[in-house]
Amino acid sequence: MTDFIGPAVVAAAVSGIVTAIGIFVSNKTATRLHSDKLKFEEQLAEKKFRFDIDLAERKFQYEKDLHDHKRLVEFGEELLAAFYKIDDVLKGVRSPAAFGNEGSSRPQQDGDDTNVAKRKDVYFVPLERLGNNADFLSDFFSKRYRARALFRDAELDQAFQLLNEAIVSIRVSASMLISTVGSPGQRDYSFWEKREADIWAGFEDDPVGSKIKEAIELADAALGIALEEAAQPSAKSA
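Taking the numbering used here, the leading residue of the sequence shown gets 213, the next gets one more, and so forth.
Bear in mind the hints are in silico, worked out from the structure with no lab data behind them. Positions of the beta carbon are idealized from the N, C-alpha and C atoms, including for glycine. A portion of the hints provided could be inaccurate.
[As the list claims (entries may be wrong)] Pairwise CB distance ranges, derived in the manner of DEER restraints: (1) P319 with R399: 39 to 45 Å; (2) E290 with S391: 35 to 41 Å; (3) F403 with E286: 43 to 49 Å; (4) F403 with E289: 40 to 46 Å; (5) I229 with E254: 32 to 38 Å; (6) V328 with R383: 16 to 22 Å; (7) S317 with E405: 34 to 40 Å; (8) K330 with K425: 48 to 54 Å; (9) R364 with S422: 24 to 30 Å; (10) Q321 with V380: 19 to 25 Å; (11) V285 with V380: 45 to 51 Å; (12) K303 with F403: 23 to 29 Å; (13) L250 with V285: 49 to 55 Å; (14) V285 with D400: 48 to 54 Å.
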């Protein structure tokens with residue numbers, strides 16, 4: 213009987229040791245698996261966090277670029293329409309025909325006889341028309357520096373410059389004609405022809421009209437190209 217108890221005890225002890233080792237290994241494995249799982253979940257959460265941030269940043273940049281793009285297109289269309297309008301305005305300003313009491317707002321000067329006053333009123337008409345369009349002209353030229361910043365186009369900036377020079381020529385020539393009416397210098401035919409060609413369209417030699425025409429062509433080309441490019445599909449809008 214004793215002979216059987218000894219091996220049984222040994223077997224039980226071995227079984228207990230094996231069981232203990234198994235439990236230890238099992239716990240160790242479970243702990244490691246749990247740790248690995250936590251680490252994996254942390255890495256996954258970190259990746260998702262970085263992805264969400266990257267996606268949010270890309271979405272913000274996309275919306276910003278789209279907003280800027282829309283603003284650029286809207287301003288380009290508005291500016292091109294303004295160039296077409298100023299072309300019509302200056303054609304009206306330089307029209308030789310006067311209507312109704314145009315020119316009558318000129319400040320009258322003592323000592324002018326009726327004929328001199330009427331001639332001065334005629335030459336004042338372009339100045340009066342410019343004054344009637346002062347708000348539009350001021351708004352138009354206020355767009356110059358924004359256009360320079362957005363489009364960075366030298367030809368577009370030159371278009372503004374040419375129109376400004378044209379208007380200055382009209383103002384200067386009209387003022388000179390008014391101040392010269394009734395003076396001895398009015399016998400200089402070339403003086404009158406040159407100044408009248410500045411304020412009125414229709415003369416064969418028309419430097420002011422040429423400047424206006426060139427300005428509109430430059431603006432049409434520069435803004436037309438910019439708007440066509442803006443209308444093309446791009447990676448940003450894909």
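Item to complete: List, from low to high, the hint numbers that the structure doesn't satisfy.
Response: 1, 7, 8, 11
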